[in-house]
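> Given next are the chains, with one letter for each unit.
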Amino acid sequence: MDLTTLSIDAIHAGLLARQFSAEELVRATLERIERENKAIRAYLTLSPERALAQALEIDRKVRAQEPLPPLAGVPVAVKDVLSTKGVRTTCASRILERYIPPYDATAVERLEAAGASILGKTNCDEFAMGSSTENSGFFPTHNPRDLTRVPGGSSGGSAAAVAANLAAAALGSDTGGSIRQPAALTGVVGMMGTYGRVSRYGLVAFASSLDHVGPFGRTVSDVARVLGVIAGRDARDSTSADVPVPDYWVALEADVRGLKVGVPDEYFNGLSPEIGDNIQKGLDLMARLGMKVEPIRMLHTDYAIACYYIICTAEASSNLARYDGVRYGFRESGADDLREMYKKTRDHGFGAEVKRRIMLGTYVLSSGYYDAYYRKAQKVRALITRDFLEAFDKVDILVTPTSPVPAFKLGERMDDPLQMYLADIYTVTASLAGVPGISVPCGVTRSSPHLPVGMQILAKHFDEARLLRVAHAFERAGGFEVA
Amino acid sequence: MALSEKDVRYVAALAHLELTEEEVKKFLPQLDAVLEHMQKLNQLDTSQVEPMAQVIYPAAGTPTLRPDEPRQTLSQQESLANAPEPGAGCFKVPRVIERE
Chain B
63 MDLTTLSIDA IHAGLLARQF SAEELVRATL ERIERENKAI RAYLTLSPER
113 ALAQALEIDR KVRAQEPLPP LAGVPVAVKD VLSTKGVRTT CASRILERYI
163 PPYDATAVER LEAAGASILG KTNCDEFAMG SSTENSGFFP THNPRDLTRV
213 PGGSSGGSAA AVAANLAAAA LGSDTGGSIR QPAALTGVVG MMGTYGRVSR
263 YGLVAFASSL DHVGPFGRTV SDVARVLGVI AGRDARDSTS ADVPVPDYWV
313 ALEADVRGLK VGVPDEYFNG LSPEIGDNIQ KGLDLMARLG MKVEPIRMLH
363 TDYAIACYYI ICTAEASSNL ARYDGVRYGF RESGADDLRE MYKKTRDHGF
413 GAEVKRRIML GTYVLSSGYY DAYYRKAQKV RALITRDFLE AFDKVDILVT
463 PTSPVPAFKL GERMDDPLQM YLADIYTVTA SLAGVPGISV PCGVTRSSPH
513 LPVGMQILAK HFDEARLLRV AHAFERAGGF EVA
Chain U
1007 MALSEKDVRY VAALAHLELT EEEVKKFLPQ LDAVLEHMQK LNQLDTSQVE
1057 PMAQVIYPAA GTPTLRPDEP RQTLSQQESL ANAPEPGAGC FKVPRVIERE
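Those protein sequence lines, which keep their order, are chains B and U. Each residue of the first sequence is one higher than the one before, counting from 63 in my numbering. Each residue of the second sequence is one higher than the one before, counting from 1007 in my numbering.
Don't read these hints as lab results, they were simulated from the structure. Note that the structure is predicted; figures quoted are calculated from it, not measured. Hints are not guaranteed to be accurate.
What the hints assert, rightly or not - Once the Cα atoms are required to be at most 27 angstroms apart in a straight line, the calculated DSS-like pairs of lysine-lysine come out as: (1) B:K123 with B:K100; (2) B:K354 with U:K1098; (3) B:K147 with U:K1098; (4) B:K100 with B:K471.
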């Protein structure tokens, strides 16, 4: 039996039946990482002692016939923007190369409390800024489906780890698509809950009004299991919502017949057939499952990239002011005074994309430009949110492509930031509105090398259960392999 | 091009970034292209729209204030553990005040 390809439910059943131990499971995954991570480069830091200590505790519970927690023995990867006590957390930035957090993020703490083994920390774009993981301050990650291509980003390491069976599930962060887009490009499931559904405590801040923590898995059921563990109110994040968490896994089985699926025209204008044809086949399948597919308009979609990049860079410029070489992280030596030390530290510690975003954010917040850019973007954000609220008066869910392109070649898009930003068009809208979204595999491109295509499903605020139910029905009907 | 090299240097200084000449030349057209794209928002009339600073959802109110009670926080040792230059229980920095 290959222990590295099991679903969470199969792991649970196998542990209970004593077919394998949690220790064997973790060791098998670590061995696979040892063999295959050199080519993929999904991980920045491994934490084998921590993973094994947890596994031994699970095995003790099995022997003592104590009840097993929901993620018992599950080997998981964690994006390196989530704080892990005693384990280096770099945000893939040179400026935090040697930073060791004194506490765990809430999502990490909840995973471990639920029995999961943390294998290590995954690569990403520096401070989660990017769509390809090429902006890592250390090295790029390669897409396991085609090693010459990017895994998407910014959570590219987590997506690649799950796609290559280097972890059973993973945590990522999503600010404008950073879970959903790499899930699409690597052929796995990735989900962002409603803003406030999962605590951001211990997530290193990029754009606080847009940042989310969420799961990756190989199946919708696995994603439902992980989301159920990490979701819920946390007093340490004042924006985390005090809304009850339903049993997402039980909700998977409910009927999807009669549900209304909205297909927004604006997401398909100019879409290349290599993506569009697959999404259409996915929609045909949904219709065969008894869902009612109908066109809908989302009139402000075209303004979302401008709106998103004003707000996220403004918040980033403010959040990243804390990296000044004083309390933690890298400090450049040889400065004569404090201001010079700040400047040298930040210039040498940050990579190009982070500097670009800090500069854009500083510009749109600067005197004379605040109203024209930042305040204007906040108003457009309200209009984009209104589009969603009106759409969900008419339909239950929305279906769109996740990314306008499949995985592209490493290095292909690095010199044109605007083009890279424009490719985030289908994911930033839900981020601005704060509604939940999931990306599920929807076949592969027709022409060689047959790259994964992702379908995005969106629902109204706190309707994650319905989102997962539709995604699960789609998966069970063969939607992941539509052709 | 609306943005100038002088603007790039000004914004970099506001953000405490010390850019090389090369970086200024590289960033100028990139930032200019993004800022130009952002002008697109001016096509929309938003005079009747309230700005949105946070996600608003139709759910029960979230308590954003907790009771103001003393709690254990990080110890001095933990707080200083990641400092590039700790000393005497403090974060040390280069000279701040000019000497006469």
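> Hints broken by the structure, by number, lowest first?
Hints 1, 2 are the ones this structure does not satisfy, whereas the remaining hints hold.
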